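Asker: So you can see what is in the structure, the chains are spelled out below.
Number of protein chains: 2
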Amino acid sequence: MQKIRIGIVGYGNLGKGAELGIMQNKDMELVAVFTRRNPDSIQLKTNDAKVYSINEITFMTKEIDVMLLCGGSLTDIPVQGPEIAALFNTVDGFDTHKKIPDYYATMDEIAKKSKKVSIIATGWDPGMFSLNRLIANSILPEGDTYTFWGEGISQGHSDALRRVEGVQDGLQYTIPISEAVDEVRSGKRPKLSVKDRHKRICYVVLKDGYSEKKIEQEIINMPNYFAEYDTKVEFISQEELNENHKGLPHGGYVIRSGVTGINNEHNQIIEYKIKLDSNPEFTANILLAYVRAAYRLNKEGQTGAKTLFDIAPGYLSILSPEDLRRSLL
Amino acid sequence: MQKIRIGIVGYGNLGKGAELGIMQNKDMELVAVFTRRNPDSIQLKTNDAKVYSINEITFMTKEIDVMLLCGGSLTDIPVQGPEIAALFNTVDGFDTHKKIPDYYATMDEIAKKSKKVSIIATGWDPGMFSLNRLIANSILPEGDTYTFWGEGISQGHSDALRRVEGVQDGLQYTIPISEAVDEVRSGKRPKLSVKDRHKRICYVVLKDGYSEKKIEQEIINMPNYFAEYDTKVEFISQEELNENHKGLPHGGYVIRSGVTGINNEHNQIIEYKIKLDSNPEFTANILLAYVRAAYRLNKEGQTGAKTLFDIAPGYLSILSPEDLRRSLL
Numbered sequence: 486m487q488k489i490r491i492g493i494v495g496y497g498n499l500g501k502g503a504e505l506g507i508m509q510n511k512d513m514e515l516v517a518v519f520t521r522r523n524p525d526s527i528q529l530k531t532n533d534a535k536v537y538s539i540n541e542i543t544f545m546t547k548e549i550d551v552m553l554l555c556g557g558s559l560t561d562i563p564v565q566g567p568e569i570a571a572l573f574n575t576v577d578g579f580d581t582h583k584k585i586p587d588y589y590a591t592m593d594e595i596a597k598k599s600k601k602v603s604i605i606a607t608g609w610d611p612g613m614f615s616l617n618r619l620i621a622n623s624i625l626p627e628g629d630t631y632t633f634w635g636e637g638i639s640q641g642h643s644d645a646l647r648r649v650e651g652v653q654d655g656l657q658y659t660i661p662i663s664e665a666v667d668e669v670r671s672g673k674r675p676k677l678s679v680k681d682r683h684k685r686i687c688y689v690v691l692k693d694g695y696s697e698k699k700i701e702q703e704i705i706n707m708p709n710y711f712a713e714y715d716t717k718v719e720f721i722s723q724e725e726l727n728e729n730h731k732g733l734p735h736g737g738y739v740i741r742s743g744v745t746g747i748n749n750e751h752n753q754i755i756e757y758k759i760k761l762d763s764n765p766e767f768t769a770n771i772l773l774a775y776v777r778a779a780y781r782l783n784k785e786g787q788t789g790a791k792t793l794f795d796i797a798p799g800y801l802s803i804l805s806p807e808d809l810r811r812s813l814l
Numbered sequence: 486m487q488k489i490r491i492g493i494v495g496y497g498n499l500g501k502g503a504e505l506g507i508m509q510n511k512d513m514e515l516v517a518v519f520t521r522r523n524p525d526s527i528q529l530k531t532n533d534a535k536v537y538s539i540n541e542i543t544f545m546t547k548e549i550d551v552m553l554l555c556g557g558s559l560t561d562i563p564v565q566g567p568e569i570a571a572l573f574n575t576v577d578g579f580d581t582h583k584k585i586p587d588y589y590a591t592m593d594e595i596a597k598k599s600k601k602v603s604i605i606a607t608g609w610d611p612g613m614f615s616l617n618r619l620i621a622n623s624i625l626p627e628g629d630t631y632t633f634w635g636e637g638i639s640q641g642h643s644d645a646l647r648r649v650e651g652v653q654d655g656l657q658y659t660i661p662i663s664e665a666v667d668e669v670r671s672g673k674r675p676k677l678s679v680k681d682r683h684k685r686i687c688y689v690v691l692k693d694g695y696s697e698k699k700i701e702q703e704i705i706n707m708p709n710y711f712a713e714y715d716t717k718v719e720f721i722s723q724e725e726l727n728e729n730h731k732g733l734p735h736g737g738y739v740i741r742s743g744v745t746g747i748n749n750e751h752n753q754i755i756e757y758k759i760k761l762d763s764n765p766e767f768t769a770n771i772l773l774a775y776v777r778a779a780y781r782l783n784k785e786g787q788t789g790a791k792t793l794f795d796i797a798p799g800y801l802s803i804l805s806p807e808d809l810r811r812s813l814l
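Residue numbers (my numbering), protein chains in the order written: chain S, 486 to 814; chain G, 486 to 814.
Hints are computed from structural coordinates only; laboratory data are not their basis. Treat the hints loosely; a few may be bogus.
Identical copies carry no separate label here, and so any pair may be met within one copy or between two of them.
Unchecked claim - Straight line, CA to CA, 25 Å or less: simulated DMTMM-like cross-link-like pairs of lysine to aspartate or glutamate:
no.	residue 1	residue 2
1	Lys583	Glu807
2	Lys535	Asp550
3	Lys758	Asp667
4	Lys583	Glu541
5	Lys698	Glu568
6	Lys600	Glu541
7	Lys784	Asp795
8	Lys692	Glu728
9	Lys676	Asp808
10	Lys673	Glu807
11	Lys600	Asp533
12	Lys584	Asp512
13	Lys699	Asp808
14	Lys698	Glu594
15	Lys680	Asp525
16	Lys731	Asp715
17	Lys488	Glu713
Just so we're clear, the structure is a prediction, and the values are computed from it rather than from any experiment.
Go ahead and model the full structure; you've got the sequences and the hints to work with.
Answerer: Below you can see the structure in the form of structure tokens.
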């Protein structure tokens, strides 16, 4: 079997997760990692793979089938995506929901010209959660869909915490409000804003000479980030933060609460739920399933940008259509 | 907007559910129901739809875009599927897992000849559960997948019950063993056979003159159906059975318990769960989403048999690809 030859662009948490994920897939191999750092500073876990400067990416069109873009959505992917799609099939986890239509248009134009496939905005939200929203909404046209995130660390809110003067370090966990989850599961269809569905817990390491009371007030009253939420602040030592909050757990739910029947008398509940010890490793594994899809779609002659909505699920599996019908249908 | 013109073949629980489901979808209309019964004996809930004898189906090729096959998988669909696929796009919920490969081959050959699309084996298992098994297995190659059915009525086991001499009426509920569900959710990966995952509760109405004790023993020792399971028998009156067990609730779970990390140290759990007040209405609504897909695929020039694995999720939604990217991704 000819393996899918993969390049990883960016070697942060997601890129490292992708390297490990490739080892779980017998039909994939990691050829190279591309970085803006000094390539010598990176030690891969894959024996035969190389580390190159990102500037050398243009020389690798013959060696790599699909490039996995593992940079950030804020500044990396909007620049790297279009550049790399001009040369390679790409898969990314671009996750700025509002900018997806524009990014799609850009990538579609470039990938059609380069005769490659670019699968954008995969992962779990956007990604698996989107897929479940779409399918559940299609099955149950009468109903409401609820997305809960967490329990897990929110990067944006953690950053906001750390910008408060007097905060030495900190992390913020987003936690679904369990009463809200239970109410939705029961078939009631409450109106719930984001703040009705989630609470926030902040673990904060204080700099010397600052008052806990004052910092706590500053945090819980911060507009846009915390003021609208049930927010708790706990002060802990740097050692405790390092010890107990190093992992990257996450999770969440998509629940569709629908009705059927001549008088809408039957509640029908669909719930999709994930519970992750490692968010970046899980996300990377989703991206890799779409690497397989990008490779196959392009082999079939398809080009342009795609999202999960455009891709038949069979393309994600290592199994043949016959085996899938026999073993998983 | 040109609506999708639908015919329903068979007007049992599933066909009745489909009629109600069509009313929830603005882009669909019910044109006719086809039955083996006397058409005059059927009163539809849809004003403009007609009831015809199934023998008249061949005259309706110009009036109907997609035929929804709502007969049974044992004897109806294996005969009706091939006959109707020779004339129409079809969607069915053929659910005899073992016979799917053969049925697929038959339908594929016929639908390719007739230049129609036949989507087979949709519903929830096979169907949504299959889709979740496929996607979760693709995302988490290292792991185990667990399917739990219930709590809900099993038709096959209820039939077996009612064949016992002395049983006047009866129903059997399949119930997931909650300790098994919790163990799987915890990230342990126990070996669990079907009987380790499910228990069975039988509600039995006894004929006059029969002994509860004797009938109970006969049921719980029935090989293949009950002997291997934790089975409870409760004797109730016909009135109570009619009163409390008329509904058709069901449900179930697909859980993928996977691992990632350099030493497989991270548990990653994906759970898909449904809780249904009406199994046939929910199943019908799934079939209708695939009616939309069959219609669109055939408009695009596609032909032959398809399963859920072959169909991009976007085809299921009433929304355009642009709207989907904007609102659900």
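Asker: All hints, please: hold or fail.
Answerer: The hints, checked one at a time:
1. Lys583 - Glu807: between (39 Å within a copy, 13 Å between copies)
2. Lys535 - Asp550: within (15 Å within a copy, 55 Å between copies)
3. Lys758 - Asp667: Both, since 13 Å and 14 Å are each at most 25 Å.
4. Lys583 - Glu541: Classified as neither; 32 Å inside a copy, 52 Å across copies.
5. Lys698 - Glu568: So Lys698 and Glu568 fail the 25 Å test inside a copy (49 Å) and across (77 Å) alike.
6. Lys600 - Glu541: within (21 Å within a copy, 49 Å between copies)
7. Lys784 - Asp795: both (16 Å within a copy, 17 Å between copies)
8. Lys692 - Glu728: within (18 Å within a copy, 67 Å between copies)
9. Lys676 - Asp808: between (44 Å within a copy, 23 Å between copies)
10. Lys673 - Glu807: Classified as neither: same-chain Cα gap 41 Å, cross-chain 31 Å, threshold 25 Å.
11. Lys600 - Asp533: neither (29 Å within a copy, 49 Å between copies)
12. Lys584 - Asp512: So Lys584 and Asp512 fail the 25 Å test inside a copy (33 Å) and across (29 Å) alike.
13. Lys699 - Asp808: So Lys699 and Asp808 fail the 25 Å test inside a copy (62 Å) and across (46 Å) alike.
14. Lys698 - Glu594: So Lys698 and Glu594 fail the 25 Å test inside a copy (54 Å) and across (74 Å) alike.
15. Lys680 - Asp525: neither (45 Å within a copy, 55 Å between copies)
16. Lys731 - Asp715: within (24 Å within a copy, 44 Å between copies)
17. Lys488 - Glu713: neither (50 Å within a copy, 45 Å between copies)
Checked against the numbered hints listed earlier, the structure breaks hints 4, 5, 10, 11, 12, 13, 14, 15 and 17; every other hint is satisfied.
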